[in-house]
Amino acid sequence: MNLRQCRVIAAVSSLVVMAGLCLSLALAAPAQADPYADCRQGTAVCRPDTNPDHWCFGQTTEGRPVLRSSIQWAIDNADNTTDITTSFMSSCSATADARWRESGLGQGILGQYICTDWAGASYPEVCYSSDVVINMNAHDYVADDPSNIIPSSDGNVEPGEIALNVDMSTCHEFGHHLGLAHHNVAWYQDFDNDCMRNEWLEAEQANAGWRKYNGHHRDHINAHY
Amino acid sequence: MNKLPALCVLSMMAVPVLASCGGDQDASSLPAPPGRAAQERTTSGDVQPTDRTSGVPRIDAQQLVAAFGYADYRYIEFDETETMAEDSLTDVGLTGSVLGFRRGPQLWTDGGPNSGLTVIMKVSVLDEITGDKSKGDIVDVLLPAHSPDTAANLAESLPAGASVALYLNDVPPSEVPATAPAGLLTPVTPQGFIVGDGVGEGVVYPMAHEIVPDQSLDEQVPVGTEVP
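Sequence order for the protein chains is A and B.
Our numbering puts the first sequence at residues 12 to 236.
Our numbering puts the second sequence at residues 350 to 577.
Derived from the structure by calculation, the hints contain no laboratory data.
All values derive from a computational prediction rather than experimental measurement.
Note that the Cβ used here is the ideal one computed from N, Cα and C, for glycine as well.
Some clues are possibly wrong.
Distance windows between CB atoms, simulated [stated by the list, open to error]:
1) Ser158(A) with Gly573(B): 17 to 27 Å
2) Ile487(B) with Asn148(A): 40 to 50 Å
3) Asp87(A) with Lys484(B): 50 to 60 Å
4) Arg79(A) with Gly485(B): 39 to 49 Å
Rough simulated footprint, nothing fancy, chain B against chain A, three-plus residues with beta-carbon under 8 Å [stated by the list, open to error]:
5) 61 to 74
6) 78 to 85
7) 122 to 128
8) 151 to 162
9) 178 to 192
10) 213 to 219
Required output: the full structure, derived from the provided sequences and hints.
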């Protein structure tokens with residue numbers, strides 16, 4: 012077989028293999044469209060290890076009963092609706108999987124998850140320990156919206172509106188801790204509502220399902236545990 | 350957007366080209382992948398990504414986004430950056446040029462490894478969008494860090510001279526240790542930290558984990574604002 016024949020055979024066989032690969036990938040596309048626990052690529056955050064998830068209240072949650080109540084609610088929600096097992100720690104330490112705290116950085120940032128102990132190259136998608144931060148001042152500010160141009164906030168503080176959004180933020184950030192990514196409005200045309208969307212909620216949306224994980228995200232979490 | 354079909358077509362086109370069968374084309378003669386910055390070594394030994402044709406420091410968008418891949422947020426999303434500039438949520442808006450990175454103050458511990466770590470990005474202001482900064486001012490921008498290496502990683506992926514548009518809040522003194530530098534600013538949301546690649550081929554939102562190849566930094570500031 013000469014060089015020309017070799018190249019022709021290689022090209023044809025490669026096309027056949029690639030076409031088959033693409034067909035199989037296309038059939039699997041819906042699952043691939045949702046990155047999970049891909050923190051090194053920046054397309055999604057890390058996920059915890061598979062041991063029981065230890066969590067604690069950080070110092071700045073002291074004297075904030077609304078926040079603590081919402082954190083407890085978010086943990087219970089995950090515990091009751093997915094295969095995760097959680098365990099409360101009375102004081103925070105390096106062994107906590109999730110250390111909750113309050114911080115006022117970034118007026119438009121309602122909540123933040125940050126991995127502080129990446130497992131390293133051997134388990135690149137795993138984070139051993141993280142800080143989960145809720146910005147209570149930002150919730151007050153966005154609800155009131157003095158400039159009245161924040162998307163999805165009507166600028167009127169209605170009863171229950173701030174507590175509803177604090178719940179969505181604690182659910183959302185714990186979702187990041189569990190490896191879940193963001194989604195835009197279009198994604199929710201194909202999947203049930205859940206708390207991994209960014210938009211502000213008005214009080215009348217309290218029962219629209221934005222404070223839970225939808226079936227797709229629960230599947231991600233359950234597959235992990 | 351589902352990029353799978355285009356990826357597959359490109360892959361099928363590329364595979365025959367790359368099948369060498371012991372031929373005469375070696376890897377070194379192939380053109381560099383698009384978007385890959387040439388690497389030049391400075392006298393200090395640091396790797397400085399530089400566009401060979403323009404000499405403009407060029408960012409490594411993938412590495413830059415990955416540096417912030419350890420954090421994510423729930424935040425108020427703005428459809429247009431101009432709205433973010435108009436909103437009272439934003440204290441300072443500016444365009445500028447990155448001068449460098451260094452470790453910032455540790456904001457908290459709560460017993461966690463690397464908890465509360467930050468980096469400070471020093472930026473030279475080119476033009477004001479909103480607020481009280483003007484050309485030539487130097488601002489310190491507080492960013493989250495997930496490890497002590499974050500500042501070095503950012504210095505490599507976002508080299509000095511890179512262009513940025515920033516929408517920022519004043520950092521409340523109560524949020525930082527007394528030893529922190531005065532006048533710190535921080536992005537109002539992940540959308541408030543926007544990087545141009547230096548040669549007009551797109552923008553990056555590092556904290557929002559977005560690389561947008563078909564936008565320019567000009568589009569992220571109000572009309573009439575000077576862009577580096």
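Here's how the hints hold up against the structure:
1. Ser158(A) with Gly573(B): 17 to 27 Å: holds, 21 Å
2. Ile487(B) with Asn148(A): 40 to 50 Å: Given range 40 to 50 Å: violated, Cβ gap about 28 Å.
3. Asp87(A) with Lys484(B): 50 to 60 Å: holds, 53 Å
4. Arg79(A) with Gly485(B): 39 to 49 Å: holds, 47 Å
5. 61 to 74: Holds: 4 residues of the stretch 61 to 74 of chain A have a Cβ under 8 Å from chain B.
6. 78 to 85: This one is violated; 0 residues, fewer than the three required, reach chain B with a Cβ under 8 Å.
7. 122 to 128: Per the Cβ count (7), the hint holds.
8. 151 to 162: Holds: 7 residues of the stretch 151 to 162 of chain A have a Cβ under 8 Å from chain B.
9. 178 to 192: holds (count 6)
10. 213 to 219: violated (count 0)
Consistency with the previously given hints fails for numbers 2, 6 and 10, ordered from lowest to highest.
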